[in-house]
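Colleague: This is what each chain is made of:
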Amino acid sequence: MRRLIFILVLIAATAGSAWAGDEVPTALSNKEAIDLVQTHANYLWTLIAAALVFFMQAGFAMVETGFTRAKNAINILMKNLMDFSVGSIVYWAVGFGIMFGTTTTGWFGTDGFFLSDFTPGGDPWVLAFWMFQVVFAATAATIVSGAMAERTKFVSYLIYSAIVSTVIYPVFGSWAWGSLYHGNGWLEGLGFIDFAGSTVVHSVGGWAALAGAIVLGPRIGKYGPDGKPRAIMGHNMPLAALGVFILWLGWFGFNPGSTTTADKSIAMIFVNTNLAAAAGACTALITSWIKFGKPEVGMTLNGALAGLVAITAGCANVSPASAIIIGAIAGVLVVISVLFIDKIKIDDPVGAVSVHGVNGAWGTLAAGIFNIGGTTATIIGVQLIGIAACFVYTFGIAFIMFKIITATIGLRVSPEEETEGLDVIEHGGSAYPDFETSTYAQS
Amino acid sequence: MRRLIFILVLIAATAGSAWAGDEVPTALSNKEAIDLVQTHANYLWTLIAAALVFFMQAGFAMVETGFTRAKNAINILMKNLMDFSVGSIVYWAVGFGIMFGTTTTGWFGTDGFFLSDFTPGGDPWVLAFWMFQVVFAATAATIVSGAMAERTKFVSYLIYSAIVSTVIYPVFGSWAWGSLYHGNGWLEGLGFIDFAGSTVVHSVGGWAALAGAIVLGPRIGKYGPDGKPRAIMGHNMPLAALGVFILWLGWFGFNPGSTTTADKSIAMIFVNTNLAAAAGACTALITSWIKFGKPEVGMTLNGALAGLVAITAGCANVSPASAIIIGAIAGVLVVISVLFIDKIKIDDPVGAVSVHGVNGAWGTLAAGIFNIGGTTATIIGVQLIGIAACFVYTFGIAFIMFKIITATIGLRVSPEEETEGLDVIEHGGSAYPDFETSTYAQS
Amino acid sequence: MRRLIFILVLIAATAGSAWAGDEVPTALSNKEAIDLVQTHANYLWTLIAAALVFFMQAGFAMVETGFTRAKNAINILMKNLMDFSVGSIVYWAVGFGIMFGTTTTGWFGTDGFFLSDFTPGGDPWVLAFWMFQVVFAATAATIVSGAMAERTKFVSYLIYSAIVSTVIYPVFGSWAWGSLYHGNGWLEGLGFIDFAGSTVVHSVGGWAALAGAIVLGPRIGKYGPDGKPRAIMGHNMPLAALGVFILWLGWFGFNPGSTTTADKSIAMIFVNTNLAAAAGACTALITSWIKFGKPEVGMTLNGALAGLVAITAGCANVSPASAIIIGAIAGVLVVISVLFIDKIKIDDPVGAVSVHGVNGAWGTLAAGIFNIGGTTATIIGVQLIGIAACFVYTFGIAFIMFKIITATIGLRVSPEEETEGLDVIEHGGSAYPDFETSTYAQS
Amino acid sequence: MKKIEAVIKPFKLDDVKDALNKIGVKGMTISEVKGFGRQKGHKETYRGAEYQVDFVPKIKIDLVVDAAMSDQVVAAIKESASSGKIGDGKIFVMSVDEAVRIRTGETGRDAI
Amino acid sequence: MKKIEAVIKPFKLDDVKDALNKIGVKGMTISEVKGFGRQKGHKETYRGAEYQVDFVPKIKIDLVVDAAMSDQVVAAIKESASSGKIGDGKIFVMSVDEAVRIRTGETGRDAI
Amino acid sequence: MKKIEAVIKPFKLDDVKDALNKIGVKGMTISEVKGFGRQKGHKETYRGAEYQVDFVPKIKIDLVVDAAMSDQVVAAIKESASSGKIGDGKIFVMSVDEAVRIRTGETGRDAI
Ligand SMILES: Nc1ncnc2c1ncn2[C@@H]1O[C@H](COP(=O)(O)OP(=O)(O)O)[C@@H](O)[C@H]1O
Ligand SMILES: Nc1ncnc2c1ncn2[C@@H]1O[C@H](COP(=O)(O)OP(=O)(O)O)[C@@H](O)[C@H]1O
Ligand SMILES: Nc1ncnc2c1ncn2[C@@H]1O[C@H](COP(=O)(O)OP(=O)(O)O)[C@@H](O)[C@H]1O
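Taken in order, these protein sequences are the chains called Y, V, D, F, W and H. In this note's numbering, each residue carries its 1-based index in the first sequence increased by 720. In this note's numbering, each residue carries its 1-based index in the second sequence increased by 720. In this note's numbering, each residue carries its 1-based index in the third sequence increased by 720. In this note's numbering, each residue carries its 1-based index in the fourth sequence increased by 21. In this note's numbering, each residue carries its 1-based index in the fifth sequence increased by 21. In this note's numbering, each residue carries its 1-based index in the sixth sequence increased by 21.
Next comes chain Y alone, as it looks inside the complex:
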């Protein structure tokens, strides 16, 4: 490896200059060197955080698999793997440029495609930054798969998840975060606060999921002849719980990592993230206990996630005490929202809309309300504008996209396939061939 280090040092020019040195150090050369070490720390933190956020893909995969039926396990796993894989490629090719390229209009970027901003020998920060951003894009994309689970055609999934990572997410992202790189969006221009993406990532994912679930319609058997929602139980609670722990871990990259700087500010973000998640789990547990007479596992797991989503916008500008309040409210909200969405006959197997859409909105509002520096009508107003813009834009465009897919290649599998299970029909395999699975209980 060392041999290559040399090549690398040449590439990382600045580094070279700072370390070449046997020449006598001066206050100036030292200052330069100090800044460089801090820069190295920033790279380190940004990339480690990116790795943690990447791992959230595993979390989503486990949660969504655990909350759906065994006969569709391969399908949901494939979707989670492929939305990240396809997403990485398209975000490299197009998405990143749209989100962070220079923009004349303030509506989206128009350069920096194919990571063209990076030239060997040049400053590699764009690579570190891209790495951190691509895992965010994939998060938005993967949220959708949960709400549309157990009935969506695989090929259609690939197409729309590519569209989400190429256009839908990046365009909105450019409005709120473009200036983090070469862009400058109208929403951030207003002073919109969404530190790590309650709206930019989670609501975008959640509202797209909502559109998808509506266009698809509910799974066979989800609603009885009486129109009452029926339980279609997830097949593997340990996997679902593992997924939530993994997501919680990943959020320690998602929120504090959004500083892309290794400084003291990450401490409060860690604490806020953890407290909000804890509070969300507690209040969701209590709410389910009161409403159903028993502490329900699915809701409690959703509660922790709801707390995490809700603190994402304000994790850097609210106090720990506020974080607890924000998370606690999210925990109640998610239970009510899941029941409500079930009731209005929208079938969201994993609760993606309630967790990411609804609580993304709540969290964004809360970031304004609980702003540590105090709040104003303007701040709240801007937050509301951002929330509304996200819903109108995302739901609208996603709805149209899903309608077009339905009209062309088709979005949903046939009833036979749905009953048989997507694993056999779509992938020609079964996830648990050695186990006896009960065929009637949930067919």
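Everything labelled a hint here was simulated from the structure, so no lab data went into it. It should be emphasised that the depicted structure is a prediction, and the values quoted were computed from it without experimental measurement. Even glycine gets a Cβ: it sits at the ideal position worked out from N, Cα and C. Fair warning: there could be bad hints in the mix.
[As the list claims (entries may be wrong)] FRET-style restraints, in silico, Cβ to Cβ:
#, chain 1, residue 1, chain 2, residue 2, range
1, W, Ile44, V, Ser1134, 30 to 38 Å
2, H, His63, F, Lys47, 36 to 44 Å
3, H, Asp75, D, Ala813, 25 to 33 Å
Dock chains V, D, F, W and H with the ligands against the given chain Y, drawing on the hints supplied.
Modeller: Same frame as chain Y, now just chains V, D, F, W and H with the ligands:
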């Protein structure tokens, strides 16, 4: 995000001063800046380590779920999720203050509740430190759930695990670690060595678990009419093994992270941690092979954990060779201990007492014996005092607590519920609805 | 802990000198302090990366368990746990010295056994470096278990995996990487490029796996009377998928960590690693879709891994665009290779040979072809020499080793044991006692 | 008394159960079985190798009724279990000599 | 020969097995079944939606014995399987024309 | 018609199936069962405590055939299922009063 960075920089005052600078750097301003960068590295390491330790919650959840029966899976998962969630809140409100607040008596702290030591604009170190400590507190609490699995009332669990994180753990913690912040405990005053908590975290958890298992009594069917212990097999070995790998990973935050400093010392701690775990797995494998004629998976997994627990106290002050010896002995010890505890009719489904209690004590003693700077009768003596104090205090108070709970709301579920399974009765769900589970084998 | 910090500071001498300081700082003392902080960052990164690579053990365990049958789950888990545990001990005692000790011949090192290069008070870098290297050694060793799964005697496994970590891997490693420490190998002398070990780690593992699979012969029932390969389905796809996500995460330590330096160069390595994996998954999906008419999960998972293995050699000296090409080719290659190996009657249950051996070779060649600084016949030539040397050496010595084991203690379990399952016979347990498993489907 | 064994398609179970309740059947025992017959299984691919699943999942209903009710029950099952597609399954009728209710010790018709 | 089919509560299996061994029954075959009868299932909640589990897990014992032994066996099962609570299950007796031990080819009484 | 119930060793299923196909049996129903008999189970160790697995996994084949075919079928199963080792299993033959094919309503011999 960048927009917020500014707010943050203001918050992180010191940082502000160091980076504001276009003024000409001086040796002094540089020194200050260097210290700041090092401080940033310390924050980074402390918080990343905290994230790794947090992930141990997932490890415990998988180990405990894997080592118990399918009909109680939801219950054990919920317990693991909630002890961390509830624990985070109560440790924020009370526990941290008791453990690290200023103390006049040396018995426990009396300020710093609700993270009141942190003021916006002030030094956020208390937040980083709290984050690292809360995951330790939750570790102590979650250990208990394993020993009391498959028969403890959920509501009673919530209550006692809250008490552990609020009082039981923090009080002992203040004795040994208080001076890491504002406190100063009598035990550390004596020079007690417990770098990362073989005693403070693991023995506290283990002895509380012992008290709980004794008060609860064994699971139905654990002992035959002949009084011989019968096997109640864990239902999912892959999950249990995954849990052990996750815990091993987490320990790379648990032990080296306890420096809360990014310096060279963490290297030896990493190596010691890894070698002790490896040695523990090896000797436990061999011991089980000799004793049962076959290399047994449960014992081997426990062996790795035993090695990790045992090296925790001395990870920073023993040599790698000593670490191997410490781990190797732990691996033998855990097998003997599990068999012994089984024999005296204490039912510990996952071996929590043997892994955390017994080997926590062994590790603490070993930290004195193998001290890299040489050992003395005094060192050993102090270690023994610490070990004894931990047992007497923790077992005593926990025993009383469990007795009170038994006498009031009740600690154990009804025999019917136990036979039916806690998932259906306590949570109204089942962990694997799509799978055919054998109902007689282990009912 | 703080109390110990002092002891530690004494140990970490240099650190001591730099921080002791209330004396007036000078440009020189500052320069020294700056270098020290950078050194701390390097330690931090190297050790965090080591932790991530360690976690790959969990990934391998899940992939191999998921891709094999339920009746052998405990066995494969034990093998994964023990190759790391035994491997850690023998690599500490012998392997590291052979790989990185001073060498007079250029064929292997002859000192630094038992970490003897570390002396309390001395520079602990050797410990950080060892920690990073031991997880690499274990990776090479664990690769073998997959190809030989479901029919290898446990005791024989322990022996040969110990030999791999003691001799086979270290000797080749010393040829290519020895100079990273005290050694200097003939291969690196030629200018062989293998930044993170496509050849050194993965091909070594893959070719040893090939030898093992050949000597063992296929599992009962793998080939029909007609000689056609028959599917023996893996029993748990969610575990397999989880394993792939974990491995992907671990690779963010494996590749960028190989800098063992916290500088800007890691950014491009992160990006390349991610893009190659994504591309591999995409092309494997497409290839399986074309070849089998359906997107097959096993192949797609292998595709992601193939991309990761292939980029390992060149991750630091190829452009992101090249990384995509390298990964894309790997994804196609792995499918073809798996089918080919199946066809020539070598039974590799998890595709270890195709993923690690074949794509390790491809990646090493690609590192020459796509070299960012341009390529030459010499570069390609040296890469080919390295690839060939690895195959001849590793396959040869491993083949002999397996033959000797077969002739002595025996390598394969009896047909009865194989039919019954290794868990019951070798370990006297079952991985899923609460589940009804189908006994005929895949007996 | 007669024992009626019906092998049906899993997703038909609910309909059959309801149909039997309607005609007053108070008890039955079901089990997961695999069927082999005119309805062929399907092919699966695993890592490139094809795999023929011969046996199709079915539900078997065991039902003991008073001889007098037998035809009516058979008719009800035939009705409710039929999808008209191959693989709908079979109904077999056998004689039962004795029936006992464990709880009460009642025998014969009272037992069922 | 007679075939005795008993549907019992899972946790009673051990007792029944022991009782049968006592009276010299050398073999039996058991299977996991689900029962529907007077004993009703239970309600489960999943993410807020209620779910009625109609079928209760039971164990079915298949046992072929010499006709002469039949009553004794039935009595033994009735004894050992009874908890007095609803859902204890049923015992059915049928005639068997022939029995063969695969290993030896023995038939009739020698086969069981 | 006759109902043939065979309890065999799982890994023999393929052979039995082929043997039955050869003599023209078009359908059968199988289920996973656990057997208790002369073939004893095995001991497992879990965390040091021994555990006796009494019941051995077996496959049960349910097969209804025309009475005339019965002996031939029994012979075929006996042949193909035999490994000569203890635990090979049993074959039982019972009379069936009626058979119905749900799809067509055909009864008797035409139904099977
Ligand atoms: N002779 C038989 N004995 C027992 N079960 C049978 C027999 N023939 C068919 N079955 C069962 O009935 C199911 C359906 O039969 P099949 O021939 O596939 O369709 P159909 O009943 O519509 O002709 C089979 O899967 C099998 O479980
Ligand atoms: N007519 C029947 N035919 C077959 N099995 C039956 C019949 N009635 C009951 N069973 C079985 O017996 C079990 C117990 O019957 P149930 O009516 O619930 O209680 P009890 O036997 O105490 O009256 C049921 O779960 C079912 O498996
Ligand atoms: N009397 C019986 N009634 C029902 N099934 C029986 C009976 N005896 C044996 N079996 C079944 O046959 C299987 C094999 O019988 P076993 O006595 O173990 O060997 P063998 O048939 O070679 O004598 C048992 O596991 C059990 O499933």
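Colleague: Against this structure, judge whether each hint is valid.
Modeller: Consistency of the hints with the structure:
With their beta carbons about 34 Å apart, isoleucine 44 of chain W and serine 1134 of chain V fall inside the hinted range of 30 to 38 Å. Histidine 63 of chain H and lysine 47 of chain F have their C-beta atoms about 41 Å apart, which keeps the hinted 36 to 44 Å range intact. Evaluation of the 25 to 33 Å hint for aspartate 75 of chain H and alanine 813 of chain D yields a failure: the beta carbon distance comes to about 46 Å.
Of the numbered hints stated above, the single one contradicted by the structure is hint 3.
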